[in-house]
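*Asks:* Chain order of the listed sequences is A and B. All letters in the first sequence, in the order written, are residues 1 to 220 by my numbering. All letters in the second sequence, in the order written, are residues 1001 to 1403 by my numbering.
Hints in this document: simulated from the structure, not taken from any laboratory. Hints may contain errors.
Taking lysine to any residue and the SDA-like style, the derived pairs with C-alpha atoms no more than 25 Å apart in a straight line are [as the list claims (entries may be wrong)]:
#	chain 1	residue 1	chain 2	residue 2
1	A	Lys125	B	Glu1303
2	A	Lys67	B	Gly1315
3	A	Lys13	A	Ser42
Here are a few chain B residues that sit away from chain A, every Cβ distance over 12 Å (derived from the structure) [as the list claims (entries may be wrong)]:
#	residue
4	Val1009
5	Tyr1017
6	Glu1079
7	Arg1205
8	Lys1302
9	Leu1307
Just so we're clear, the structure is a prediction, and the values are computed from it rather than from any experiment. The C-beta atom is built at its ideal place from N, Cα and C for all residues, glycine as well.
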Amino acid sequence: MRVPSLQIALGEKIALIGESGCGKSTLLDMLSMTLRPSKIGSFRFRPERGADPVNVAELWRKKRLNKLGDLRRLRIGYVMQTGGLLPYLTVRENIGLSRRLLDMPDDDLVETLAADLGIRRQLDKLPHLLSVGERQRVAIGRALAHRPSIVIADEPTASLDPITAERIMSLFIELVDELNITVIIASHAWRHINRLGLRHLSHRTRKKRNGSMTETVVTG
Amino acid sequence: MILKRVKNVVWLASRDYRNEWQMSGFYLLALAAVLGPMMILFGLKFGIIGSLLGNLIEDPRNREIHPVGSGRYDSAWIEQLRKRSEIDFIIPRTRSIAATMQLKSDISSRIVTVEMISTDHGDPLLQGFTIPKGLRQLVLSASAAGKLNVARGDRISGSLSRRFNGKSERVHLELTLVDVAPAGSFPRDGAFVSLALLETAEDFRDGRAVPSLGWTGDIDDKPRSYPGFRLYTRSIYDVAPISKALEKIGIEVRTRAADIEIVSDMDRNLTAVFWVIAVIGLVGFSFSLGASLWANVDRKRKELSVLRLVGFRTGDIVWFPVIQSFYTAALGWVMASLIFLGVAHLINRMFTDQLERGDNVCQLLPEHFLIAFGLTIASAFLAAGMAGYRAARIEPSEGLREI
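Bound-form chain A, shown alone (with noise of 0.2 Å):
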């Protein structure tokens, strides 16, 4: 995999639309700071407005790794493919989960995220109670609940239904363009994410000249 060039602006929404194997979590997990890229030219990320960009290709470089890991608590929420919820965490705990490891006050957004995303009344209910689509919702919520900078979803909705997967999926970049915040979203499931609206992320598979390898090249 190759990025010659990726420039993504605060609060835009992006799609990374694909077969699965082109590298779409490759390439996510290098921007959520958690897989090293084997060469690393310039890679640089401004946590809010006005704030100096930070290298984290020097970080990477000098194997910061706990540097990494509190700029991803601090600044970046994840949605995984299947929730990822502590089991023996209430819904209320799961998503309040990265506020509390921040040690940020209560304040009513777990509580409002949860009736945005309609699972208020699961909140003190322990995850296996949940539908697979209530846990996304709380998945969704964990993500957000501490009001980060990037929220990056690695096909948030693969494990739904069609119809509660699209509902899911708008209620997500609804959520996110209230809060205004930057979202990357991998998904092999384009025909719905058109109509959010979503910059896609060109990127084209190709063979290496021996022929031995392809190559994904991402750009945009």
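For chain A, the structure is supplied; the task is to place chain B on it using the hints.
*Replies:* This is chain B only, laid out in the frame that chain A set:
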């Protein structure tokens, strides 16, 4: 900040532990099943050997060094021996043939012949009893007091007889019973008296005059020598060196060293056996807990990677299995202690009849419970450390998708 993060890990680990209470319950039952019997085994060893040793240590007869045959010891030599720190009590005795007295009380019609035993302050056989002083007091052994039907404070008349210048002579001595010694101190008919009374009796028997009591006889100024002595060391461990020292200067002695040797050998061997079992048990437990924690890391890989993803540091994740194993160790220890207390109570009740009062067949001291706790925690942490190391190597990106 670090405290805050640790607090969060503790919170999450505790919630996880509680949520999986069935699983957690099995682990701590498994621990209690190893630790409980081990504590009972050690309690039995400690209780049985402890009371055997206790008896040995408490019974002064085990500290006695008894010279065989008769020798010639003067007071200066005895005095010198008394200064040795290993010696608790030493007093000379007179010839045994001259150390008998016939006793008669007003109540009983029997005349009882008793052996007189020299005594003084600090006599281990009369610990906690009144020490007879002067020529008019005595302490009787339980058997003699029973035959004479006397109790403390009663008057007893004693008499000594001799053949002097061809005729039989008998003198009488009014005595006061100041105490009765238990059968454990002297099983036969005996009377503990001051050395002065014994010397007086010997003088009379040998035909010497005793002016203080008005008994006539020969006047003799030869310095007195004693044929033997009563010697008690401070502890049972001093018996061997003192008897060696005495044998070196030609005094043959008799001790109970062999009994002491048997018990301390048994103690050593049982302790070794116990430790072998304890080490096997704890290592086994440590491995099984380690294996289950290790498997837990696999089972919870996704959850742990989610934690990494939301920003937990490598070092924080290590605490996860450590905290959970701490719970298992602490709760398992409590359960094992309860099992021990219950079983120990039952065992001790079964053996009540065979035991002296206050002795327990199965018992542990508070420090033994603490040692058991320490060992359990140590082996649990050892197990958790391996799992924690594994947990720390989970990549945060693993949480993003199914593997």
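*Asks:* Hint by hint, work out which the structure violates, then give me just those numbers in ascending order.
*Replies:* Failing hints, ascending: 4, 5, 8, 9.
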